[in-house]
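Asker: Chain by chain, the residues:
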Amino acid sequence: AQTVTQSQPEMSVQEAETVTLSCTYDTSENNYYLFWYKQPPSRQMILVIRQEAYKQQNATENRFSVNFQKAAKSFSLKISDSQLGDTAMYFCAFGGESSGSRLTFGEGTQLTVNP
Amino acid sequence: AAGVIQSPRHLIKEKRETATLKCYPIPRHDTVYWYQQGPGQDPQFLISFYEKMQSDKGSIPDRFSAQQFSDYHSELNMSSLELGDSALYFCASSFWTEQETQYFGPGTRLLVL
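Chain order of the listed sequences is A and B. The number in this note's numbering is simply the position in the first sequence, starting from 1, with 522 added. The number in this note's numbering is simply the position in the second sequence, starting from 1, with 6 added.
It should be emphasised that the hints constitute simulated quantities derived from the structure, not laboratory data. Treat the hints loosely; a few may be bogus.
To be verified - Here are the simulated EDC-like pairs of lysine to aspartate or glutamate, each with C-alpha atoms no more than 20 Å apart in a straight line:
1. B:Lys19 x B:Asp77
2. A:Lys592 x A:Glu619
3. A:Lys600 x A:Glu537
4. B:Lys63 x A:Glu619
5. B:Lys21 x B:Asp91
6. B:Lys63 x A:Glu537
Using the sequences and the hints given, assemble the complete structure.
Answerer: The structure is reproduced here in structure tokens:
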């Protein structure tokens, strides 16, 4: 079974600064996918970014980028130029290669962006 | 762009009652997933369907059942409701060939009194 660990329950950052959220995972699979989802106070789950394990290049989506270290089983999210709207709970998630595969989530990191 | 639709958005039930949650996936998505998120917790996988067949099963209580219909919408049926079933229930959908990327609906908030 896969496990996902987010060791930072809460983080805060000043507007316009950069913040990095940590995530580690454990799996015996070789091919898999990793995701960061954002859950604002509305509690909608919003896909932020995804990474295929077979790709060495780190994924980037505008102000969001990841640092994927496959050997270390680490998958951190960097948010640049933080905005007030980035305030949310951020979940790291693991998805296996098998079809219909469930997502396994970490415990979440509550990020607060301060003005 | 069209998103996953869930209904109802809010539901209040008494203990031992029955509830039915509905999910309409993004058009052309053929795979549906159900997750349960308790207060202060991360989402927990319940069950998934592809082409009306169950594709994966997680920690879904025996009191719950689900199915996917020919138009790909899905329903989660919950019977003999307990206080502990109060949670946010998410439906997500994906393409089978891109099954790793799941897009979530807004969720149904169930409160059991």
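Asker: Does the structure break any of the earlier hints, and which numbers would those be?
Answerer: 1, 6
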